[in-house]
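Q: Here is what each chain is made of, one letter per residue.
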Amino acid sequence: MLSLNGFEIEALRLSLKVALWSVSLSLPVGFGVAWILARKHFPGKILLDGLVHLPLILPPVVIGYLLLVLLGRQGIIGKWLFDVFNISVAFTWRGAAISASVMAFPLMVRAIRLSLDAIDPKLENIGRTLGAGPFLVFLTVTLPLAAPGIISGAILAFARSIGEFGATITFVSNIPGATQTLPLALYNLLQIPGGEQGALRLVILSIILAASALIASELLARRLKK
Amino acid sequence: MLSLNGFEIEALRLSLKVALWSVSLSLPVGFGVAWILARKHFPGKILLDGLVHLPLILPPVVIGYLLLVLLGRQGIIGKWLFDVFNISVAFTWRGAAISASVMAFPLMVRAIRLSLDAIDPKLENIGRTLGAGPFLVFLTVTLPLAAPGIISGAILAFARSIGEFGATITFVSNIPGATQTLPLALYNLLQIPGGEQGALRLVILSIILAASALIASELLARRLKK
Amino acid sequence: MNSTPAFDSNILRVKVKKRIGEFDLDVSFMARQGVTALFGRSGSGKTTLINLITGLSVPDWGRIEIDNRILCDTDKHIFLTPEKRSIGFVSQEGDLFPHLTVKGNIEFACRFGKGTGFHIPIKEVIELLDLGFLLGRWPNTLSGGEKQRTAIARALLSHPRILVMDEPLASLDASHKSQILPYIERLRDEFMLPIIYVSHDMEEVVRLADTMVLLDQGKNSATGLVEEIMSRADLRPLTGRHEASSVINVIVSQQDEFFKLTQLSFFGGKLWIPFVDVPLGTETRMRVRARDVLLSLTRPKGTSILNILPATVKEIITGNGPQAELVLDLGALLIASVTKKSISNMKLEPGTKVYAMIKAAAITHRALGLGGLRSRRN
Amino acid sequence: MNSTPAFDSNILRVKVKKRIGEFDLDVSFMARQGVTALFGRSGSGKTTLINLITGLSVPDWGRIEIDNRILCDTDKHIFLTPEKRSIGFVSQEGDLFPHLTVKGNIEFACRFGKGTGFHIPIKEVIELLDLGFLLGRWPNTLSGGEKQRTAIARALLSHPRILVMDEPLASLDASHKSQILPYIERLRDEFMLPIIYVSHDMEEVVRLADTMVLLDQGKNSATGLVEEIMSRADLRPLTGRHEASSVINVIVSQQDEFFKLTQLSFFGGKLWIPFVDVPLGTETRMRVRARDVLLSLTRPKGTSILNILPATVKEIITGNGPQAELVLDLGALLIASVTKKSISNMKLEPGTKVYAMIKAAAITHRALGLGGLRSRRN
Amino acid sequence: SPSQAEVIHVYSAASLSDVFTKISRVGSTRGLPKCVGIHAASSALARQIIAGAPADIFISANSEWTTYVRNQGLTRGLPKVFTRNKLVLITPLQSDFKFDFGESVGLAPLLRNDWLTIADPNHVPAGRYARAALKKFGYWSAVKHRVVRVANVRAALALVSRAEALAGIVYASDVKKTTSVRVVSSISQNSHPDIQYIATKIGKISQPIVDEYFKFLLSSEVASILIEHGFEPLK
Ligand SMILES: Nc1ncnc2c1ncn2[C@@H]1O[C@H](COP(=O)(O)OP(=O)(O)OP(=O)(O)O)[C@@H](O)[C@H]1O
Ligand SMILES: Nc1ncnc2c1ncn2[C@@H]1O[C@H](COP(=O)(O)OP(=O)(O)OP(=O)(O)O)[C@@H](O)[C@H]1O
Ligand SMILES: [Mg+2]
Ligand SMILES: [Mg+2]
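Residue numbers (the working numbering), protein chains in the order written: chain A, 1 to 226; chain B, 1001 to 1226; chain C, 2001 to 2378; chain D, 3001 to 3378; chain E, 4001 to 4235.
It is worth saying that the hints were derived from the structure and are not from the lab. No residue lacks a Cβ here, since even glycine has one placed at the ideal position from N, Cα and C. It is possible that some hints are incorrect.
[Stated by the list, open to error] Here chain A is said to cover these stretches of chain E; the calculated rule only asks that three of the stretch's residues, wherever they fall, bring their Cβ under 8 Å from a Cβ of chain A:
1. 4014 to 4021
2. 4026 to 4040
3. 4044 to 4051
All chains should be built: construct the whole structure from the sequences, respecting the hints.
A: Take a look at the structure:
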């Protein structure tokens, strides 16, 4: 039962890679946006907030389609990326990571923002009076104090990325070895009469993967907790 | 542009109903689970934590299928529900609300847990010494202090429910007027060549819906903030 | 008066052990009606002990009783939760509910507090603590002292059977302090509310407390009546040398309305102090600081000192500094602190007859033990 | 000595207005080298003012200068952020970083503090504040006093050009207080570190401060040298009646190693006080509390009082209470507090020749103005 | 299209994913290049091809999407019918549901309060054919309200096999290997438009190996594999 075949290993490896990249991509941007939403007041704030939530509100297929329109080889940004940097994201695992990170983005932002809102500004102030500039205070006070939210956001994003399907299959297609992550492989198996057996194995694989991440995050959180 | 046709109004009405029910369903349960995860220590905790995250980890189709297995007419719980209460959830808007709330559940739990973790236990202790029992302290201290997380969780769940597609279409199908929420209608339109025009209208509708919820939650949060 | 309080009159009995981190608390004491002060330096375990009494933490071993009601007994596996203990608690940090206004914080206590029915009108408390203009404010907009005043009001209004206060006045200015202290005295005397009081301020302790529990590194190095503890030379390092003083039991024997003076009698003489408005015959205790006592070999004449009492030098305690302490016998025992030079000049030695001079002003209202002069209840 | 400090020697100049909620702050004062005390009752605006000085809040209008460096000027739109002000700050609540251990909190300051290069070795600070055994602990496991000690250490180690402390010692016990106070004095005297010091404790203020800013409902009702403020009868309601005292400029004129006494000379006489280890010729100020001064019509003989000085009654101030205050002229002015009865007994009136008696012990080290005796720097 | 040399990318309708594994395996034994099958909904595939997906051959279950791609000028050569399919009416194994598609009794009375499941007739070809058949025999208007529309044929199959629906209309190829449902009746191919899968070459520049592979896909060898999997022979 536990010996994996090549197809499963391939999907697992890819899912892991995509999820890790997705988290790495959305974490800094998510933190930045969460910080802006938590601390800044500007006219278009509610707009930005809405934009962040878009991937939740719209069905994944629509997001996938939008990504295809924007980042596909013929897409506005995709074309530019290809012409200037010779990078192509569409139909590659990079695209899968992007779509996963886009889908996970609102979860990341919300979690981090919640933690940022809970930080007592007095502590940051004290950091300033001790001689650390805004950026250093950010690094040494704000960031560590927001750790629970960052961990929570990262684990949510990771789990969401492991499970991401709709946007991915729409944006980067279902290319074995390139974009066929666990959920997409699962989808394929479900299309085959009698594929349920194999599907179950993939479900268990997904769960093991996410559970490991959960345990890791719990341990990390416990270490960080005074 | 802004005058809606009957089909759109129907989908909008249904989406709103489903999302509101989804939030109402997942909020109390989500709070309970978040509270247990934040405050209690027991052997199977990581298991429960994992279970909560399942809807994120697995592709929505799988969750939809699991719901069908559990809550369908022939499902373990579904059969019992039907026999005892004569309630059928499959292929009804109730089922859509359930699948939306299941999908939104991990988001709800994470957000609330984050807020619960940030509560200073000293305040609850003080409440106890002032004569309020554990339950009263919970109502008058813990609950209001967790408000940011509850609001955040509710808005995430609402947005997620508005956007829920995969599990819904698998569990309750796409029955116009009964289970065809905005994303399902959207999906339909996207499957037809040239349906993008109509899809765009629905996208805008979804965004307006979610943005209103966002604004409402922001206002609420601001009022609650000292 | 008994140095070990009689058993039946004990309000609070505590015998507990608790280990937190590397800190060991091992305390056993009894407190009677009135105010019991917990005194000890930073980190000596005062807050730890308070948490055990209020039920916010569970002792590793021990037993706590109030009014013969068992709050906690590890042997019998009894543990009353905090809300069942009817203890009004003011914590060291105040800890106001941030989601409630000042009014909300106070009302919280009124709503849920279910003590013996001991009741102070909310209006009176608000007025006393000067909270009227703060009622609508949120805790994060209050100044340090305002927060603490709200916390005190909240505890007072929870209908407690006993009040437990962890350094409640530390962040208050002298003016608010002196407004609130008489009120705490009233709680103690009129409402007969027993109070456990943590404080660093010896003046406060002497003014308020009957019993004193001296904590040192988690152990109660001494427990007893305040006068007893204060006059024990071996406890000076803990009670503070500059506070060396003696406590004498006195009775109010005369009132001089014109000069606004009150006369106290004790076994050994009479003393004038600034006027205190209490009935004749009231028994109380008086604290005289050693450095406020002057000596003369002859009876001084034409001085501003009202109180001149004949006495005999009983003992001379010298240390390293310029000062020495003399124990004088004038019926009661009185401690005087004088320079070694004076001892040499005056050729003082045990047995020397002297006159002890105590300025009336030296015994201010604040330095009177048992506060605003009350009848002893035993 | 000038009652208005000379302009060029001002370290700190503040002239600000700020409205928070319904509270209006409108303060203007200057402070010289040394310690400037902010004194005022709860809610008078001390913390609000401190926040403006440290740069944690922005004044609605005004100008703040330290060492002729503009920290803030609303007219010129200058506003230096807190980290550029090199101000070591101890806040009223301590506010330790919960994610760092005691060691981490202290090292934070060492790492980022970039003041004038003023430097105290970390080891010395840890030892002084008794933090050695706490270094590995997290803030939420510290007692109230331990937290505050860590916060003080942190501020000291941030290499500040000026130290701003908001009631830093309120939660410390007498023993820790008396350990830390001399160190603050050393900062002031040896390191020439100017200090802004908020405190409720008049003893502390008199011991440490040169300048005092009296705040009342957001306005500075008086600013000036401590001695001046303390002796102003109109400010008694704010400074506290029982603290009536006079401050006299003195010079150390003799040391008696055997009896451990120090002699101070002033224009009008000589005084013995408990030994203070400073060179002869050191100039300083001495505070004598009114209630520690006794009067006699004849020169008393054979008493324990070392200091007997001939004086003339200059003025008698009577109030409602039993006490009256006498201003005595003995070269310098000295305030004595005696009962009205004594005035009547002794038939005192302006012009009466008397002997003022001051016990050596009454002038303890703590009551010495300008702290541990130092040479004035102007 | 600039696809990686020696690998052919075939974008095909999801319902072909099973059989495609077999076909590509046979292809490689014939010395043909490696073939990667990419399976999703025809709509998604069409859009991806338009967005520049590295497709060499597109097999759509729906001629409209083929036309859509052709109109963008992305195809080469004429579209060819790849294979055909037919519809069957199915019911759960344990059910005793009986119905001969074409009976005049009507379907609705037999369903009573139960459900008939088909793929969504709004956009899924299988659903469209099923609706056409139901209309043709005049069942539609009566049964309309008992119809559960699902995302694809597989979902319809799942509902019937779990007995959530009493009946379903799916492709014959889908039930070929399934033992969890019972075929009640086959549906006459005259009652709906011909069910065709259309194959088209993608890309403007002619590539010999793609042409070769395309030819292979239309060969009789592949046709027999398809028939083996329950597909209908070409007319
Ligand atoms: N969670 C903990 N882990 C380790 N040590 C602790 C913990 N909590 C308290 N201590 C230690 O126990 C000792 C007693 O603390 P406690 O708070 O009772 O002191 P305290 O007498 O109230 O002091 P203060 O007057 O400063 O408030 C201190 O040395 C403190 O550091
Ligand atoms: N955000 C705010 N909104 C309204 N009023 C405020 C706010 N912050 C402070 N105040 C008021 O301003 C006044 C001055 O507060 P401040 O904290 O400066 O007092 P303080 O002198 O430091 O008192 P304490 O000795 O009690 O700490 C207080 O009456 C306080 O209630
Ligand atoms: Mg404490
Ligand atoms: Mg303050």
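Q: Which of the numbered hints above does this structure break?
A: none
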